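Q: In case you want the letters, here they are:
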Amino acid sequence: MDIGHLLIIAVASILVNNFVLSRFLGLCPYIGVSKQLDSAIGMGMAVIFVMTMASLSTWIIYTYLLAPATSIWKVDLTYLRTISFILVIAALVQLVEMVLQKLVPTLYRSLGIYLPLITTNCAVLGVTVLNIDKRFGFVESVVQGFTAGVGFTLALVLMAGIREKLDLADIPKPLQGIPIAFIVAGIMSIAFLGFSGLVTE
Amino acid sequence: MSSEILIPILSIGGLGLIFGVGLALAAKRFAVKVDPRVEKVLEVLPGANCGACGYPGCLGFAEAVVAEKAPVDGCVAGGAGVAQKIGEIMGREVGEGIKRIAFVQCQGGRDQARGKYIYQGLESCGAATLISGGPKACRYGCLGFGDCVRACPFEAIRMGEGGIPVVDDARCTGCGFCVQACPRGIITLLPVSQQVFVGCMSKDRAAVVKKACSVGCIGCGLCAKKCPQEAITIKDNYPWFDYDKCTNCGICVWVCPTKAIVDKVKARPKASIGTGCTGCEICKEVCPTKAISGEKDQRHQVDMEKCIGCGLCFERCPVKAIDMVGALGWVEKKRGAA
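Chains as they are written, first to last, in this note's numbering: chain A, 1 to 201; chain B, 1001 to 1338.
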């Protein structure tokens, strides 16, 4: 495990396999929270935070509970991966919310609305499942979780910037609002395809 | 065999139990003492987070109310109903507030107002007004790019046919966001009961107004002269309404030579003189449109074509022989107000 390897994971999940634009995960907040730059940044920070924490805790659950079950109890528990991960993420978000409300009220205020939204976000579940699928180690998982969040934030912030400009553009009536946002999302996705081949996994 | 069922159940159940207990403990450990009234107040608020109260969102307002920093009736969007409920929670009496809604004080659409130049730029009033005062000849006129429509959090404003915004009275909560958004300042908050208002903001001289717009106020002062309540004063070539005095009689609407005064009443009632008439001629004198005729000491008649339903005769008749017919609820409203 060297820095170069982690760097490749980071570049891969920020640019090449961007969670929104290449894997098409977390499209709901991508369209829903990208109307203003401020809220996009808020949402992005919350996602980075939750994805890192989720990668960390689900890796522990999987490696020390679900995976060893085969050798200890002779029962394969890996099919419980999805449901237990959802459980972990939901509980984690709840806990984080409580802790923030008590200890860092200002951060709780700014993230407040977005934290519960993330609980069942498919991008968060996606990153944890991918960690396991790729047989990542602990540090690799956390790095992938963090950088996947960074990639999500990048896509969200870019989109918000474009949509703020789109608000002032002369757009045909049927395309105003969400439709033009979808078209922009498609074009951005094609643009991000340009990164493919940068990192071979 | 049974272990294949038991172990998954136990492990997921165990995880759930651990998380549950953990969260319960955390909830105790990290409990933040919140005044239960905040939650109650938050429940009765509209929840649009419009910010018209001046606080960041409904939660901010709820906290301020409970901390007694904000007035109980501070929620503009919720109106009197919400103020009442908050008052109950806070154990305080609430006075009846007057509900205000947005009125657009310009009627100069594409057909009425002359343009100054052809504008091709950002579809925004704020941007258009920066270029030589906007593409309309009138420097007070509505630009029609819909900054107010976009600003409205309640979808109560839509762009009308001629490029003049139309307010949906039922949806408007009087939050005042459109008032702030309009670079021309032609949207005003007026009492919801107000039916007659000046549909123009121009303080220009008559010659200038006439060149720019066919429905502009030329400041002639006829309305001020004819107003029976003396609710209108002319200053800066503009009729200033005293909305406390105005009775919505509609005489100013009738008298205005450029139709710059707007009447929101769709169908006004007509006066009808009953058999109780003693022929005193008071109504005849008071009628601004000379719609009443008749000899002294004989029952008078109303010319329905001329009657504008102002109700002056109705108010002045000493024997209460005049009735206003044709518009349901009008008489009751008038009597209730008097």
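It is worth saying that the hints were derived from the structure and are not from the lab.
Every value quoted in this text rests on a predicted model; they were computed, and no experiment measured them.
Cβ atoms here follow ideal geometry from the backbone N, Cα and C, with glycine treated the same way.
It is possible that some hints are incorrect.
Covered stretches of chain B, as calculated for chain A (at least 3 residues, CB under 8 Å) [to be verified]:
#1 1216 to 1227
#2 1251 to 1258
Under the rule of at most 20 Å between Cα atoms (straight-line distance), these lysine to aspartate or glutamate pairs were calculated in the DMTMM-like manner [what the hints assert, rightly or not]:
#3 K1211(B) x D1242(B)
#4 K1028(B) x E97(A)
#5 K1266(B) x E1305(B)
#6 K173(A) x E1161(B)
#7 K35(A) x E1004(B)
#8 K102(A) x E1088(B)
#9 K1099(B) x D1169(B)
#10 K1210(B) x E1230(B)
#11 K1033(B) x D2(A)
#12 K74(A) x E1004(B)
#13 K35(A) x E1155(B)
#14 K173(A) x E1155(B)
#15 K1264(B) x D1297(B)
Q: Are K74(A) and E1004(B) close enough, with their CA atoms no more than 20 Å apart?
A: holds, 9 Å
Q: Given the hint that K1028(B) pairs with E97(A), test it: the Cα-Cα distance must not exceed 20 Å.
A: Holds - the C-alpha atoms of E97(A) and K1028(B) are around 13 Å apart, at most 20 Å.
Q: Starting from K102(A), check that the Cα of E1088(B) is at most 20 Å away, please.
A: violated, 30 Å
Q: Can the restraint linking K1210(B) and E1230(B) be considered satisfied, given a maximum Cα separation of 20 Å?
A: Not OK: K1210(B) and E1230(B) at ~26 Å, beyond 20 Å, violated.
Q: Holds or violated: are the alpha carbons of K35(A) and E1004(B) at most 20 Å from each other?
A: violated, 49 Å
Q: Does the structure keep K173(A) and E1155(B) at a Cα separation of 20 Å or less?
A: Answer holds: K173(A) to E1155(B) is near 17 Å, not above 20 Å.
Q: For the pair supplied as a hint, K173(A) and E1161(B), confirm whether the alpha-carbon distance does not exceed 20 Å.
A: Holds. K173(A) to E1161(B) sits at ~16 Å (cutoff 20 Å).
Q: Between the alpha carbons of K1033(B) and D2(A), is the straight-line distance 20 Å or under?
A: violated, 47 Å
Q: Regarding the pair K1099(B) and D1169(B), is the alpha-carbon distance no greater than 20 Å?
A: At roughly 11 Å apart (the allowed maximum being 20 Å), D1169(B) and K1099(B) satisfy the hint.
Q: If you draw a straight line from the CA of K1266(B) to the CA of E1305(B), is it 20 Å or shorter?
A: Holds. K1266(B) to E1305(B) sits at ~16 Å (cutoff 20 Å).
Q: Take the C-alpha atoms of K35(A) and E1155(B), compute the straight-line distance between them, and say whether it is at most 20 Å.
A: holds, 17 Å
Q: Do three or more residues of the region 1216 to 1227 of chain B come closer than 8 Å to chain A, measuring C-beta to C-beta?
A: This one is violated; 0 residues, fewer than the three required, reach chain A with a Cβ under 8 Å.
Going through the hint list in order, the structure does not satisfy hints 1, 2, 3, 7, 8, 10, 11, 15.
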